[in-house]
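Asks: The chain contents come next:
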Amino acid sequence: MSSISALLDGFSVALAPANLLWASLGVFMGTAIGVLPGIGPALTIALLLPATFSFEPSSAFILFGGIYYGAVYGSSTTAILLNTPGETASVVTAIDGHAMAKQGRGAQALATAAIGSFVAGTLATAALTFVAPALVTLALKFGPAEYFALMVLALVTVTSLLGTSLPRGFASIFLGLALGLVGMDVQTGQARFTFGQLELLDGVGTVIIAVGLFAVGEALYVVARERFHREEIYAIKGSVWMSREDWRRSWKPWLRGTVIGFPIGALPAGGAEIPTFLSYVTEKRLTKHPEEFGKGAIEAVAGPEAANNAAVAGVLAPLLALGLPTSATAAMMLAAFQQYGIQPGPLLFQTNSQLIWGLLASLYIGNVMLLVLNLPLAGLWVRLLLIPRPWLYGGILVFATLGVYTLDNSLFDVALLWGIGMLGLAMRMLDVPVAPCIVALILGPMAEQHLRRALSISQGDPLVFVSSPLAAGILGLALAFLLVPLLLKLRQSQAVSP
Amino acid sequence: MLRMTSYKPYGVAFGAALALLGAAMIWVISLLPDTAAYAAVGPKMFPRLVGGGLILTGLAVIREAMSIVPGDEDAIEYDVLPILAISAGLIFAAFALERLGWILTATVVFFVTAWAFGERRRLATIAIGLALSGGTYLLFNYALQLSLPAGILRF
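Those protein sequence lines, which keep their order, are chains A and B.
Going by the numbering used here, the letters in the first sequence line up with residues 1 to 498, in that order.
Going by the numbering used here, the letters in the second sequence line up with residues 1001 to 1155, in that order.
The set of hints was computed from the structure by calculation and includes no laboratory data.
You may find that some hints are simply not true.
[Unchecked claim] Computed beta-carbon distance windows for the label pairs: (1) Asp-202(A) <-> Ser-1147(B): 15 to 23 angstroms; (2) Gly-473(A) <-> Leu-1084(B): 49 to 57 angstroms; (3) Met-1004(B) <-> Asp-202(A): 35 to 43 angstroms; (4) Ala-1085(B) <-> Gly-341(A): 34 to 42 angstroms; (5) Ala-1024(B) <-> Gly-476(A): 32 to 40 angstroms.
[What the hints assert, rightly or not] Just a sample of chain A residues kept apart from chain B, beta carbon distances all over 12 angstroms, derived: (6) Glu-56; (7) Thr-282; (8) Tyr-364; (9) Phe-481.
Each residue gets a CB set at the ideal place from its N, CA and C atoms; glycine is no exception.
With the hints as extra help, turn the sequences into a complete structure.
Replies: This is the structure we're talking about:
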């Protein structure tokens, strides 16, 4: 079946009234949590997992897809008007977007972000429609050794490209891997690191760890710094329309952002942050007004905002086709698949094609909804920021407790939630990134299975990872990602020291 | 109030903790009884790899922290009291949720968190907390077929 006819089938799923409702609820919630500080798409999906357990899987994923897309739209709003990006993918947007808001051009910044996100989101979703089936064809050639290599690559890139410190990034990865080991070994049934606790036999739930790190850890960190932090909201004033000049300066950055964002998101290189940085640098180099950068250049909002939306679509390609999550949100979506007993990967396109294509089709629809929701309603979303912080965080912690308790109706889990929250607080205070820990938590058990399977097939011969050219190539790439930043740093320090 | 004047001592402690955790993992997993070797690799190999990785990472974290020259950083201040307050709220929830019921326990969590964040309008906070916990109780127990404990508020 060709992608086009499959997609048309998908639209018949996505356009069913109930699913349209889930998509609109998803983009609405997504935008809201994107705007609000302290709550992001990964946390939202984690909290919704118990509530969506009784749903049709396709409805749940249409909801989650909408949340993921919507959150990226919404976070630009806070980045521009408040200079506090709702998500890391909008950190770059905040630089010039907030400068524009200070000059009274907040509306134009919001508009170029929304329209750019729409253009990039639509083009990248179209690219996803064709790339994902192609990836499936490739993935069918993969054996356990290749999968293991791919997971190593994803873990390395998620660390080496994110954050400032390589050791602390790896600390996050290994903490995630260690947490993922707790529980019963699937192959032998032996209990590992459970210390005789029955509650730990099933492992420490992904949801508990995600909610603990993202909601509780974040709340504890913010509350400890509350007194030392001030924020100013800039109101939207003056003309809300983009001028002809704004359009002229925006459309090329949108397209370039898309071209940068999608492939990088699709690589097992993780997340939407890096493309936004690359887009910013590219636009700065190409613009006729480099002096405006940092002081409110519209290109510097248009490009990165397009890039982060394109990257979100890109992240879905390895998630759906390979079962490989490369961002914290993708990791939570994988946990959702596992909750339904569905294993994402090449076979999914055959066994659950309705689910996959329905999800893809609903992403097109969600993008249109988001444009409508964001352009005229930007002022409304800003009002969300007026919710007093104490009540906002009170609500977040109530929902965190709710989400974790309803998983298994276990009080042990609630206590564990607090413990993981303290770990999250410590990680934030030490500037250890949290996202790699979540990705590692999900990837760890999968990587172990593939490692053991590969070694069983080769009868314990570790050369299996080198004798397959594909696996060797992927591992080589991982090594390069690890060594290149180190070498660059070494050269830099040598250039400085003499 | 906790004043972090330099990352250095905390980084060294964090690295040491990681390395200790790694060593502990390798030790704990070695206590596991051996299984019949029907597979080339058993359940101990991956934990050993992770443990080894933790030790190496811990050492790298220590090295990184040691290379910091003191005085280059800005001191960061943290309030400890609100952390304790929110912690108390969550631990209270872990003990009280099934006895007191969802509505009252969640209201306590909401109130304590809001208080820790500096909210002093007590009645409004309690009202919002009750509305939030009551609303979620109705939604979960009647619309989503998940059961939240009613506790002492049986109706």
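Asks: For each hint, tell me whether it holds in the structure or not.
Replies: For each hint, the structure was consulted:
1. Asp-202(A) <-> Ser-1147(B): 15 to 23 angstroms: Given about 20 angstroms between the Cβ atoms, the range holds.
2. Gly-473(A) <-> Leu-1084(B): 49 to 57 angstroms: 52 angstroms, holds
3. Met-1004(B) <-> Asp-202(A): 35 to 43 angstroms: 37 angstroms, holds
4. Ala-1085(B) <-> Gly-341(A): 34 to 42 angstroms: 41 angstroms, holds
5. Ala-1024(B) <-> Gly-476(A): 32 to 40 angstroms: This hint holds: roughly 33 angstroms between Cβ atoms.
6. Glu-56: At about 14 angstroms from chain B, Glu-56(A) clears the 12 angstroms cut-off, so the statement holds.
7. Thr-282: Non-interface label stands for Thr-282(A): nearest chain B Cβ at 31 angstroms, farther than 12 angstroms.
8. Tyr-364: 29 angstroms, holds
9. Phe-481: Per Cβ check, Phe-481(A) is outside 12 angstroms of chain B; nearest 16 angstroms; holds.
The earlier numbered hints are all upheld by this structure, with none contradicted.
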